[in-house]
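Student: Fit chain B to the known structure of chain A by using the hints.
Number of protein chains: 2
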Amino acid sequence: MRDVRVSLVGFGVVGHGVVDVLSRKKKLLRDMGLNLKLVSVTDHTGTVLAEDGVDAEKILGERTLANVASSGMKGKEAISAIDSDLMIEVTPTNIVHGQPGLGHMEAALSGGKHVVTSNKGPLVVSYGKLKKLAEDNGVMLKFEATVGGTMPLISLVERTLVGNTINGIRGIFNGTCNYILTRMAEEGIPYTHALSEAQDLGIAEADPSYDVEGVDTAGKVVILANSLFGMDVKYSDVDVTGITGVTPEALALAKKRGYAIKLIGDVPALTVRPMLVPLGSPIAVSGTLNSAAIYTDLSGTITVTGLGAGSIETASAILTDIISIYRTKLIDAIF
Amino acid sequence: MRDVRVSLVGFGVVGHGVVDVLSRKKKLLRDMGLNLKLVSVTDHTGTVLAEDGVDAEKILGERTLANVASSGMKGKEAISAIDSDLMIEVTPTNIVHGQPGLGHMEAALSGGKHVVTSNKGPLVVSYGKLKKLAEDNGVMLKFEATVGGTMPLISLVERTLVGNTINGIRGIFNGTCNYILTRMAEEGIPYTHALSEAQDLGIAEADPSYDVEGVDTAGKVVILANSLFGMDVKYSDVDVTGITGVTPEALALAKKRGYAIKLIGDVPALTVRPMLVPLGSPIAVSGTLNSAAIYTDLSGTITVTGLGAGSIETASAILTDIISIYRTKLIDAIF
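As they're listed, the protein sequences go chains A and B.
In terms of the numbering used here, the first sequence opens at residue 322 and continues consecutively.
In terms of the numbering used here, the second sequence opens at residue 322 and continues consecutively.
Keep in mind that the hints are not guaranteed to be accurate.
Claimed, not checked - For lysine-lysine, the following BS3-like pairs were computed, each having C-alpha atoms within a straight-line distance of at most 30 Å:
#1 A:348 - B:452
#2 B:576 - A:576
#3 B:452 - A:347
For the record, the hints were derived by calculation from the structure and aren't laboratory data.
Bound-form chain A, shown alone:
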C-alpha cells in the first residue's frame, strides 16, 4: 500500500467536488494500492490541516473555509509549508496572467510535489515553463480536467491512441456556447434570448463574454497545441471568433442543408470559429455536451463526447489523473 499525501488548493465548486469524490472513492483507491490522504484544504480564507485526512462531511457544508480553518496560511505560503506528495489546484482561472494558480503550481512543482489541476490559466500562460519545472523536479503535471470536462481527451490521445500519429483535433470545447447554439437552432430564437435562458439556468455567467467570445475555447486550443502537438503557442496565436454574430436565420439555412453551426476549436490550425458541421456527424452533439474528433494516421477518426462541466464530473477527471500518476510513474522511469 502506497501512502499519498494530498493538498487541495481552491475550495469553490470544483474544490467541493474534489473533497466529495476523494472521500467517496477511498475504498476503490485502496483496492488499487493507494492510500490517499487529503492532509490539507486551502482557500482564500485559510487552511484546514488534518494529518489523518480532512473530515469531508464537516467541510462540505461550508461555502468557504472561514469557519473551519485551523490555520491562517494561504496560497504559496501554505503550499510550501505543508508536507504533501501531490497538490490539486482548482482556484479560479485567469488566462491573461494565470494567477494565482500559476504561482501555486510553481511553488508545488519546485517543492517536488505532483500537480493535478482543472485550472486552464496557468497552462495557457506558461505551459512550457511548468512542464520543464515538473521535469526538473522529477514530478508530474496533469491537467485532463482543463479541456472538455469529463471528456477524457488528453489521456485518450496520450495513452489509448499511443501507437497513432495525431494529425489534428477538432471539437466543441465549450458547453455554454453549445447550449446557446442548440437552443437557437431548435427554437429559431435570437442569440440574446437563448443567452438569457442559459443565464437563468446557470449555464451562462452574468458576464458571458469569456464563453461566448470564444476565449475559453481558445485557451483549450492553446493547451492542446502545446501538450499534445509539441507546439509552443500563446493565446494571441489563436484566431478567435465567438458566437455572438450567429443568427437564427443562418442556423435555419444550415439546418435546411443538413448542417449545424457549432463553435469549433481546431488544433493545429489554431482557430476558434462558428463552423458548419454535418448533422449526424459524431461531433455535432447538442445541449451542453462537448465533443472532440481526433484525426489519426491508423485508427481513422475517433470521436469522444461528454459533459463539458460539473463539479463531480471535473473532480472525476482529477481523480483519473491522480491514479494515472501513480500507475505510470514507475514504468515511465524504466522505458
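Tutor: Just chain B, lined up with the frame of chain A:
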C-alpha cells in the same frame, strides 16, 4: 531497450494489416523503448520464420504464405515450437466453438506468451478459462480489437475511466447493420435493397447472417460483460434480435418523431435489438461507424465513436494493446 519477440498467427485481411503497421511503427516503438521483432508469421499453409524480423515488403504482396513459407509448421505446433514473447492471434473467428483461435491462445498462454487478438470467438466461448490461464502463467491477454474495431472502448473503461464505477454500456457494435439501417432511413428503401448495396460495396458478406441476425453484436456483448463487468455469461444468455425485420416504414415513422432505429447491444442487460435512439444523441451515428455510450457514476455519460472495422484500423488496436502490455506489466506487479 527491451527486445520483444512477436509471432503472428493468421494472415488474412487483419494479419496483413498487422504486418504493415508493425513495420511502419518500428521507429515509434523504438522511441518508446520497445524493440519489436516479428520473428514468425503463420497461416494455414505454413510459417515464415525470420530471426531478424520478417521482411514486410516481401510478404505483404502475397495473399497466403504458400509461396514464401520457410517451414511447414502450422497452428499449435508452430506456436509451441517458436520462441516468442507475444502472440498476435488473427485467424478467422468462430463463436460456436472458438477454433482454431482457442487452441492457439491456450498453447501460447500455457507457453508463457502474452496474447493480443482481434478474434472474438475464443473470448466468447471461453473468456474465464483464458483469463485464468493468462494469470496462472503470468502473462496478459488483450483484446481491444474484438469490440468496436478502432473505437478504444475497453482501454477507455479500464484505464481512462478507472476512477469510475461503470453502470452500463450501450452502443452500436456492428458497422454492417448500421450501414444498412442508415441507408434504409436515408433512401426509404427496403432491407433487401440496402443489403444488396452493402454486399456490392463489400460492407456485407455474401452470407450476411452473422452480422444482420445480431450474432456478431451479441458476441461483443458477451466479451464486454465478462471482461468489464465481471460477469460470467455465454452467448446463449444474450437475448438477440437482428435487423431483418426492420421496415422502411418503421424507420420513417421513427425519423418523423425525432428518432433513429439502431441495432443496440446493452451490457449488463444482455440484449441485442433494434431500438429507438434520439436523433442528435451521441450514439446515433451513421454509416459504418460504431459507437458506445458508457454510463458512469462520476463522469456522467461518455460516448466514443470510431470506424468499426478495417485492416489497418484493427491492426492499430492490436498495436495499442501491445504497447499497453509493456507499459503496464511492471506497475501491475507493484500495485
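Student: Run through the hints listed earlier and report the numbers of any the structure violates, in increasing order.
Tutor: none
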